[in-house]
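Turn these sequences into a full structure, and let the hints guide you.
These protein sequences, in sequence, are chains A and Y.
Numbers 1 to 219, taken from the working numbering, label the letters of the first sequence in order.
Numbers 1001 to 1094, taken from the working numbering, label the letters of the second sequence in order.
Treat the hints loosely; a few may be bogus.
What the hints assert, rightly or not - Take a look, some chain A residues computed to stay more than 12 Å from chain Y by CB distance:
| no. | residue |
| --- | --- |
| 1 | F41 |
| 2 | I58 |
| 3 | L119 |
| 4 | A141 |
| 5 | P151 |
| 6 | W182 |
Stated by the list, open to error - Here are the simulated BS3-like pairs of lysine-lysine, each with C-alpha atoms no more than 25 Å apart in a straight line:
| no. | chain 1 | residue 1 | chain 2 | residue 2 |
| --- | --- | --- | --- | --- |
| 7 | A | K204 | A | K68 |
| 8 | A | K3 | A | K204 |
| 9 | A | K166 | Y | K1087 |
| 10 | A | K204 | Y | K1087 |
| 11 | A | K68 | A | K166 |
I should point out that these hints are in silico values taken from the structure, not numbers from a laboratory.
Given the structure is predicted, the values throughout are model-derived calculations rather than measurements.
All residues carry an ideal CB built from backbone N, CA and C; glycine is no exception.
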Amino acid sequence: MRKLFVPVAIVTAAMFMYAPFMILDAPYESTMGLVQKIFYFHASCGMAMFAAAFASGIGSVLFLFGRKPWADRLAVAGAELTSIIGLLVLVTGPLWARKAWGVWWQWDARLTSTLVMWLIFNAYLLLRRYGGPGSDRLAAAVALFGMANVPFVYWSVNVWRTLHPKTSVIPSLQPGMRGPFWFCVVAFLLLFSLLLSLRMELEKRRQELDELYLAAEGD
Amino acid sequence: MTIRALILSLALFAVPVYAQTQQPPPKPAATDEFVPVDKPTNAQETIPAPRLVAIAYGFIWVALFGYVWSVRNRLSNVERELETVSKRVGTERR
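If you want it as structure tokens, here you go:
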């Protein structure tokens, strides 16, 4: 991954620089107009948020049953990214909703379940930060609940009546919108993988530092 | 007594039936698909869409740059501390 980091970072930066031009070129939506263009980054962030939640959940499962330090690093990195990318989703969504629905927020299934999932991963981070010894295993269980929320968030728009666009929007995208959308999704997933590896590296260094402090105390 | 019970039963049946007929108008359904057009259709806007789009994209860029900066900063701090502690441990062992 270290060898791949710089080339992937260059490709991702180039994609992020080109993405606004593709979004500008994309056709307007008939009822929502310009504000629908938030969709390209909002939905891509949503996908990256799901990927981050899965990374944290899978890392937590492997840590709970295998006690692998790298799995714990994956869980922490995934949780922090779920919190950061989730914040982007929760901020850009209401900006779109204000124009499209006339309200900033609606307590419907999609928005509420997304907020709950985001709060669960923030709880994970708080637990890791202030939980004291043994909080890593407790937090791993919290991350499992967070990951279990992902399918509910995804399908909530199809099961319950909501103002949020359904999942059928993406497969039915017209060619002019499909290209920019998948381009943004790939850019965000690449960025997510870069940030995940960077954050895991930070956690690895922290673990090394802790071990060094313990060794120094032992001497 | 029987008449009272009959009236009460009728009232109990009537309330749900009335409620059923008096339901509020349903909310607009969720969007199933986006329909593309060449130009935005609503020229006179009460809520300025360009501002909302600019805030959304601006926020994403700023937050992502901020996060990358924060991780880089934390990483360099830990690297520095690692170096200091390993030097200290090295001198103590000698």
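Does the structure keep K3(A) and K204(A) at a Cα separation of 25 Å or less?
18 Å, holds
Over 12 Å from every CB of chain Y: does W182(A) meet that, or does the non-interface label fail?
The claim stands: W182(A) keeps its Cβ more than 12 Å from every Cβ of chain Y (closest is about 14 Å).
For the pair supplied as a hint, K204(A) and K1087(Y), is the alpha-carbon distance within the 25 Å limit?
19 Å, holds
Beyond 12 Å on every Cβ pair: is that true for L119(A) relative to chain Y?
18 Å, holds
Beyond 12 Å from every chain Y Cβ: check whether that's true for A141(A).
26 Å, holds
Beyond 12 Å from chain Y, beta-carbon-wise, is I58(A)?
At roughly 21 Å from the nearest Cβ of chain Y, I58(A) sits farther out than 12 Å, so the non-interface label holds.
Just to be careful, I want the Cα atoms of K204(A) and K68(A) compared with a cutoff of 25 Å; is the pair within it?
12 Å, holds
Given the hinted pair K68(A) and K166(A), is their alpha-carbon gap at most 25 Å?
39 Å, violated
When you check the alpha-carbon spacing of K166(A) and K1087(Y), does it fall within 25 Å?
Since the Cα atoms of K166(A) and K1087(Y) sit roughly 58 Å apart, the hinted pair is violated (cutoff 25 Å).
Would you check whether the claim that F41(A) is not at the interface survives, using Cβ distances to chain Y and the 12 Å cut-off?
5 Å, violated
According to the definition I'm using, a residue is off the interface if its beta carbon is farther than 12 Å from all beta carbons of the partner; does P151(A) meet that for chain Y?
18 Å, holds
Violation of the numbered hints given earlier is confined to hints 1, 9 and 11; the remaining hints are satisfied by the structure.
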